[in-house]
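Number of protein chains: 2
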Amino acid sequence: MILTVTLNAALDITYRVPRLRPRASHRVTEVVERPGGKGLNVARVLAALGHDTVVTGFAGGPTGAALREGLAAYGRVTDPAHGRVTDALVGVVGTTRRTVGVVDDASGDTTQLNEPGPLVTTPEWTAFTGTYARLLRDAAAVALCGSLPPGVPVGTYAQLVREARAAGVPVLLDTSGEALRRGIAARPDVVKPNADELAGLTGFAEPLRATRDARRRGAHAVAASLGADGMLAVTADGAWRATPPRRLAGNPTGAGDSAVAGLLSGLVEGLPWPDRLARAVALSAATVRAPAAGEFDRATYAELLPRIEVSEIRSAA
Amino acid sequence: MILTVTLNAALDITYRVPRLRPRASHRVTEVVERPGGKGLNVARVLAALGHDTVVTGFAGGPTGAALREGLAAYGRVTDPAHGRVTDALVGVVGTTRRTVGVVDDASGDTTQLNEPGPLVTTPEWTAFTGTYARLLRDAAAVALCGSLPPGVPVGTYAQLVREARAAGVPVLLDTSGEALRRGIAARPDVVKPNADELAGLTGFAEPLRATRDARRRGAHAVAASLGADGMLAVTADGAWRATPPRRLAGNPTGAGDSAVAGLLSGLVEGLPWPDRLARAVALSAATVRAPAAGEFDRATYAELLPRIEVSEIRSAA
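Chains A and B, in that order, give the protein sequences. In this text, residue positions in the first sequence follow my numbering: the first is 1, and each later residue adds one. In this text, residue positions in the second sequence follow my numbering: the first is 318, and each later residue adds one.
So here's chain A without its partners, still in its complex pose (with noise of 0.2 Å):
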């Protein structure tokens, strides 16, 4: 199985408004709610591509109550091709945050309200540690994924990195800002900014030279969403460029998760880095299409599969 990390998890909350204007009052004509927080939304792309998953960090009070029976949903599929997710979240007295979603009818864009996640205390981590050290004897991969949660030491993704290769497990990370920063020194095999992310880590804006910089800083290997550009990928092996064969307009939130587990699932599979790219523009592509984070369009998937072009980066590092 492959392990997925989401410490701030979240029950996301999408709202539709004909148009949102500030400072107005607005009668909400849709309300969605679904398990949210980045691993989890990994999670349920692997299972679709036929993976089964673990998913553990932590879930508390009754927002924490309503991702877990959201997620159980996930678990009762039945289709043979689709992966198993197993919720493993540790149960914490606060309460898990929510996410709300405004989606603006008129534009299709969506303005978003992050609350912040809930106190973790100590013995609640002391318990995590534990349930992380179990599950990674079964694990083929892990990917540690978002925001920490209050009460949670910055310096905590680099113990869980070296925690998953003192085990042997091969780990991804996806974080921001100092979490970032502290788990990429830990050496993590992949790490996975977005434009932002890696100029924020980096101080570079160019694409190339910031996924390069980021990489001498620890990661064995970076690869960098970019938007509708695609990915740029810095490895040991080599490094390319994947595109998607045109733009795609739609909904982004969840691009970026979609990504981490076309990574993985490569990975676990085997397949050389120019497929993992390709796999995961094409699902992130995919996801751009679809209503909600942690879904992708298939049609749109096996589509574009075929049509990623991946080029190889020869220049001088």
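Read the hints as simulated data drawn from the structure, not as lab findings. Please note that a few of the clues may not be correct.
To be verified - Computed spacing ranges between beta-carbons, pair by pair:
id : chain 1 : residue 1 : chain 2 : residue 2 : range
1  : B       : Arg336    : A       : Pro18     : 54 to 64 Å
2  : B       : His399    : A       : Arg298    : 58 to 68 Å
3  : B       : Val349    : A       : Pro18     : 24 to 34 Å
4  : A       : Glu69     : B       : Gly544    : 21 to 31 Å
5  : A       : Gln112    : B       : Gly425    : 16 to 26 Å
Unchecked claim - According to the in silico footprint, chain B covers these stretches of chain A (three or more CB under 8 Å from chain B):
id : segment
6  : 23-36
7  : 113-119
Computed from a predicted structure; not experimentally measured. Each residue gets a CB set at the ideal place from its N, CA and C atoms; glycine is no exception.
Guided by the hints, dock chain B onto chain A, whose structure is given.
Same frame as chain A, now just chain B:
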């Protein structure tokens, strides 16, 4: 006791953000959750004025449970000058709606997002009407507040007004649109529209003309709330305008509900109309100075109450 009916109760959530920008992602800096819906706000203000209140209407799902938990906290108030708030909400299978108010810290403005209410089934409605009839027996007055949830016929307030009047219980109606139009025809003792609701009902923008027209549609008295301009009442005893001594900046959410509490407590205490209006206007203004609907600033209330100017309107109807 005073009965308040909130057919479309809500869990009110308030988010603070440094600055609300459409299409951006926001980190919410503060989350506050409170039982909401107009009748619940009215009950909280009535209780703060020393009146025991009973709230009925519908609640269901995890948000309904959170709402009732919040309401129980008000019921536990031990200040002997404070009335009790008793929960007589009827359970429904559907989920109580949320309202999300996003406060922009830079401007102080609030952007409101209101979910639709739960679908009320026929057996649930029957359970409610039984509860309502039973509660009317002990009620000194009843307030019918807010919008109707899906599944509840638009003529419902007319039915509830007639039942209250048949039971000899004075009834105040505070709603809008077609529910107000139908309800007013059943001859409630008081309706309390705001300027928009009044214009929507009558087609007249000029408040005095609109208030008089509204009264001709069936209400024994119309007390219109005109925001910072105070209130205007046309009754069988005469017509009055009540004006605060100055405009108060702040959050207007709940000001209308506090006006209802002022009118209703004054009615139950046998106050003449000018005193009811002075109380309603002082409470409204004191609510603008409080952080949340259903609360008011006691010092502002005490300071303003003797300074509300109430003038009789002697022009011909």
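Here is how each hint holds up against the structure:
no., hint, result
1, B:Arg336 with A:Pro18: 54 to 64 Å, "violated (23 Å)"
2, B:His399 with A:Arg298: 58 to 68 Å, "holds (59 Å)"
3, B:Val349 with A:Pro18: 24 to 34 Å, "holds (27 Å)"
4, A:Glu69 with B:Gly544: 21 to 31 Å, "violated (43 Å)"
5, A:Gln112 with B:Gly425: 16 to 26 Å, "holds (22 Å)"
6, 23-36, "holds (count 8)"
7, 113-119, "holds (count 4)"
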